[in-house]
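Student: Here's the letter readout for the chains.
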Amino acid sequence: MITHFILNGLDRRAGIVVALLVAIAILVPVLNLVVPPSSPFHVPGYTLALFGKYLCYALLALSLDLVWGYCGILSLGHGAFFALGGYAMGMYLMRQIGPRGVYGDPVLPDFMVFLNYQELPWFWHGFDMFWFAAIMVVVVPGLLAFVFGWFAFRSRVTGVYLSIITQAMTFALLLAFFRNDMGLGGNNGLTDFKDILGFNVQSAETRSGLFAATALSLALSFWICSSVVRSKAGKVLIAVRDAESRTRFIGYRVEHYKLFVWTLSAMMAGVAGALYVPQVGIINPSEFDPANSIEAVIWVAVGGRGTLIGPIIGAVLVNFGKTWFTAALPEVWLFALGALFVLVTLFLPKGIVGTVQLAAASWRERRAAAPAAVALDPKPAE
Amino acid sequence: MTDAAIAEGSLLYLDNVHRSFDGFKAINGLSLVLAPGEMRAIIGPNGAGKTTMMDIITGKTRPDSGDVLFEGRVDLTRHDEAEIAIMGIGRKFQKPTVFESHTVADNLELALRAKRGPFSTLVHKTTRAEYQRIDEILATIRLTERRSWLAANLSHGQKQWLEIGMLLAQEPKLLLVDEPVAGMTDDETAETAILLRKIAETQSVVVVEHDMTFVRDLGVKVTVLHEGSVLAEGSLDVVSSNPKVIEVYLGR
Ligand SMILES: Nc1ncnc2c1ncn2[C@@H]1O[C@H](COP(=O)(O)OP(=O)(O)OP(=O)(O)O)[C@@H](O)[C@H]1O
Ligand SMILES: [Mg+2]
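In the order they appear, the protein sequences are chains A and B.
Note that my numbering numbers the first sequence so that position 148 is 148, with each residue one more than the last.
Note that my numbering numbers the second sequence so that position 4 is 4, with each residue one more than the last.
No lab work stands behind these hints: they were computed from the structure.
Quick caveat, the model's predicted, so the values are computed rather than measured.
Every residue gets a Cβ at the ideal spot worked out from N, C-alpha and C, and that includes glycine.
If a hint is listed, it holds; no wrong ones were tucked in.
Pulled a few chain A residues facing chain B out of the computed Cβ check, cut under 7 Å: (1) I2; (2) H4; (3) F5; (4) K232; (5) A233; (6) V236; (7) D242; (8) A243; (9) R248; (10) F249; (11) I250; (12) Y252; (13) R253; (14) Y257; (15) F260.
Simulated coverage check for chain B against chain A, where a stretch passes if three residues somewhere in it have a Cβ under 8 Å from a Cβ of chain A: (16) 69-82; (17) 92-103; (18) 107-115; (19) 122-135.
Ranges between beta-carbon positions, derived for each pair: (20) A/V356 with B/S148: 19 to 27 Å; (21) B/F21 with A/W150: 27 to 35 Å; (22) B/S120 with A/R364: 30 to 38 Å; (23) A/L197 with B/G117: 34 to 42 Å; (24) A/P349 with B/K244: 52 to 60 Å; (25) B/S235 with A/P349: 47 to 55 Å; (26) B/E83 with A/V22: 39 to 47 Å; (27) A/P349 with B/R142: 31 to 39 Å; (28) A/R364 with B/E83: 41 to 49 Å; (29) A/W150 with B/S235: 48 to 56 Å; (30) A/L346 with B/S235: 55 to 63 Å.
Take these sequences, add in the hints, and give me the full structure.
Tutor: This is how it looks when you write it as structure tokens:
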């Protein structure tokens, strides 16, 4: 049963994507660490860091596509789950600083000393252990998503209303995390990290390791998503997306399916955030900015929602464009992003991957139909 | 017989059901009893409340007052759509709704009687028995040739049939079928009557239909609804000679 679920997800196409990501996880660090900088094949540390970040975004986009592309839940607040995963990792990284902070307090992070904290707030306990933080990376976003989804899906909030409350959720968290008395660094967030698992976060080796971990996490998540969408449960999700009430009338508890996929997706977004924070070296409340969540929606739309590879391609391409634009023409970026969204919505409603698939399918059909058009069943005109 | 005794032996029991929408009484004192194994045709002018009655039975709409009992004991007003479907009440909608981005076979597979929870379906592997059942249903609804077509590409009549096939796959005790022959050709309509009569040999069926030829083909007891309550009940010949029925429905 379980093996059927796991193996069913790895069809030929998904297998290629997973293999490719694993190859990237190995190859890029090797090209960075082993190949000398003089070689044309050398990958500079700057590029590695940049693409490590893109892969985190790709994982966020994949998680968003699972709920939006396959179950029709348009989340405008997925950045919140990403940020919560990031904060959980950030708390671990803060505890690793130990007495090396500016104030030299053995337990309290600098910002707490600065704010006159006498002792560690209760929710900071345990974050000195990596395994605990790693669990929290999925549990905290998962729990928030579960509670949020429990109420929203049971009361059958759907469509635009649901999108608006997801946006409100991330906005509320943005305001909450800005406050100093949240005990999470307020405005400045968490930064000045030193080690992760005993390795210096700045070193080239650690950076390569983080890159590999990100690529492997993306590969594993892709496999999980593929297993989910290819299972019978995945067919139910698509049924919910296309005809929610019909799905209820054949006996499926739609809210249970939504809750399952929503929570799973939030956990994946949390992992993306946790991998992101050590690579960029900071997590602050701006990660909850509603604009971030909307950007993620654009990545998915550009790449092609309802395909699993689409959001990955979309996230990497759009962010590549963003890096280029913000360096070359910084004032223009937001307009370019807006224009891109409008153009994609108008001309590529299925995104890049969806459009390529359509073109390929119609090409195959035409080739197959051409010699024996009469023998084939005529398609009903509708 | 007392009300309780009538309810006891019935498959479906509606007593004095009311439902209004913004003051408009869509269902107004509706009472109806369906015996186990019975097939019933329901006719009535547009807006008579036929679809709303199905909405109430299947948990989509809650009545303002009145009893709605299944198998004499289950109070359907306390359950939601999914629970009622699992209890064994299947429904075909007036406007055919199939899962357009799934294939014909997948539509049937989703409807097949099986565990419905997300964790069961996540690890579910289609069994040989299930494939056989799908093949049987495909043959019954004459879509064997179309099994791997996307449902979106079916003709209107074929979608209606697929929806009936999905009902069959659910193996419900009671089938509620809302206007199954709308948009069908005469041949298809006749075929559908034969199919429904065959289904009625093993299951109870309630059919809403405007097509009088079709209702005549079914040859079962007819209930005429008008303004949310029962106007007449009996064989088609009896109700169609009823002056009140002629006035509100047939005469127009
Ligand atoms: N959810 C609703 N909200 C408001 N009014 C409703 C609702 N559902 C039904 N009605 C109204 O109740 C009345 C009965 O509608 P219903 O669909 O049950 O009629 P019907 O007998 O199925 O008619 P038809 O033959 O046209 O299908 C109509 O006037 C309709 O507008
Ligand atoms: Mg109707």
